Structures are given as structure tokens and as C-alpha cells.
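Undergrad: Sequence:
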Amino acid sequence: MATYFPALTIDAQTYTFDHLDPFSFSFHSQLAKRDLTIHVTYSNHCFSRGYVPEYHLVGEAVIGHGARARFFCATRYRLSLELPAVVASLNQPHVKVWQTAAQRNWVYSIRIENPEGPYHVFFEVRRAASDRPQDLNLVVESAYHQTEAAPKVFGRMGFMLLCSKIYLRQPITTKR
Numbered sequence: 001m002a003t004y005f006p007a008l009t010i011d012a013q014t015y016t017f018d019h020l021d022p023f024s025f026s027f028h029s030q031l032a033k034r035d036l037t038i039h040v041t042y043s044n045h046c047f048s049r050g051y052v053p054e055y056h057l058v059g060e061a062v063i064g065h066g067a068r069a070r071f072f073c074a075t076r077y078r079l080s081l082e083l084p085a086v087v088a089s090l091n092q093p094h095v096k097v098w099q100t101a102a103q104r105n106w107v108y109s110i111r112i113e114n115p116e117g118p119y120h121v122f123f124e125v126r127r128a129a130s131d132r133p134q135d136l137n138l139v140v141e142s143a144y145h146q147t148e149a150a151p152k153v154f155g156r157m158g159f160m161l162l163c164s165k166i167y168l169r170q171p172i173t174t175k176r
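1 is the number of the first residue of the sequence shown in this note's numbering; add one for each residue after it.
Because the hints were derived from the structure by calculation, they are not lab data. Since the structure is predicted, the reported quantities are computational estimates derived from the model, not experimental observations. Cβ atoms here follow ideal geometry from the backbone N, Cα and C, with glycine treated the same way. Careful: at least some of the hints might be erroneous.
[Unchecked claim] Pairwise CB distance ranges, derived in the manner of DEER restraints:
id: 1; residue 1: H94; residue 2: D35; range: 33 to 39 Å
id: 2; residue 1: V139; residue 2: R78; range: 19 to 25 Å
id: 3; residue 1: V52; residue 2: H145; range: 42 to 48 Å
id: 4; residue 1: T14; residue 2: G155; range: 20 to 26 Å
id: 5; residue 1: R127; residue 2: A12; range: 43 to 49 Å
id: 6; residue 1: R156; residue 2: I10; range: 34 to 40 Å
id: 7; residue 1: A32; residue 2: V52; range: 22 to 28 Å
id: 8; residue 1: E116; residue 2: V62; range: 27 to 33 Å
id: 9; residue 1: S24; residue 2: T147; range: 31 to 37 Å
[Stated by the list, open to error] Pairs of lysine-lysine, DSS-like flavour, derived with a Cα cap of 30 Å:
id: 10; residue 1: K96; residue 2: K165
id: 11; residue 1: K96; residue 2: K152
id: 12; residue 1: K165; residue 2: K152
id: 13; residue 1: K96; residue 2: K33
id: 14; residue 1: K33; residue 2: K165
With the sequences and hints as input, model every part of the structure.
TA: In C-alpha cells:
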């Protein structure tokens, strides 16, 4: 089975991404009155940052091309090694996530020590097609440590409640 992201060699160092291969987890939804299975995938934003041609350094690895080009980011890559455990930790009754200002995705933020400060995991959850083995698809759209302004968010909701409401096609708006 091929890995989701191919290995990347930069300055004779090879970076592998098998830790970001898709995985699934389940929880019992009291609202849906059944176990729900969530299939998790990641975008390359978890280990890359936006490409700005005027800041491109000779030899710096570029991922993708054209409007989708991005720089490989060693810090995001290092932090991504723990990202599957962070995502799996959402599967707890006490975990709350914040609706972003875009209102289409959510953010889960934790404090990290290196680099010190908040680490934000942005994701979208959608109900899976009926022919899929999972009930929901969760795409980690980006994950990075905060270096500037905090993300703009609205209200918060329990992660399990959010997933249950999406599965049941119930409104997921939060208090503003």
C-alpha cells in the first residue's frame, strides 16, 4: 500500500509522511444512538507553508506548482509527527472545538512547548457518502504553531456533539 504523501528529499535528508496516512476512529454518539466512525485525512498544509516567490530562498523545497505551490516547513513537519495523536485526542467527551469565522471549518488549539505557544489544528467534518464504510470524513486542512494573530473564531462546541449533529444533518451553528 502506497503512502498518502510521497517522501521528500531536501539537502540529502529524506522526510517521510507515513505518520499522515489516513486512519479511522469511532465513538458512541448518544445523540445518534449508535457508534460513529470518522475517517481522517490530512492536507499538505500540515507540513508546508504558503509560497511567496519573493521570499523563496535558493534550494528551499517547493511542493506543488502554480497557484497551489507551497514551501516545505521543517517546523510544521516536526509538529506533524504528533498530529495523529492530537487528532485522536479529539475523541473525548470533554474536548471542545471552535467554529472559525469562515463558518465552514473548525479549529482545535492546544499549548505546545517547542516552539512555545498555541498549536492550531484546522479541520472540516462532513457526512460520508452512504456507500462508504465510515460515517464521517474529517480533513485536517492545516496545522501550525501561532506566530501572529490568533485565528478568528465564533462559538465552541463539543467535538463529539459536532460530529453527531453533522451525521444527523442538524444545524451546527454556535453562539456568537
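Undergrad: Honestly, which of those hints from before does the structure not fit?
TA: The structure conflicts with hints 1, 3, 4, 7, although it agrees with all the remaining ones.
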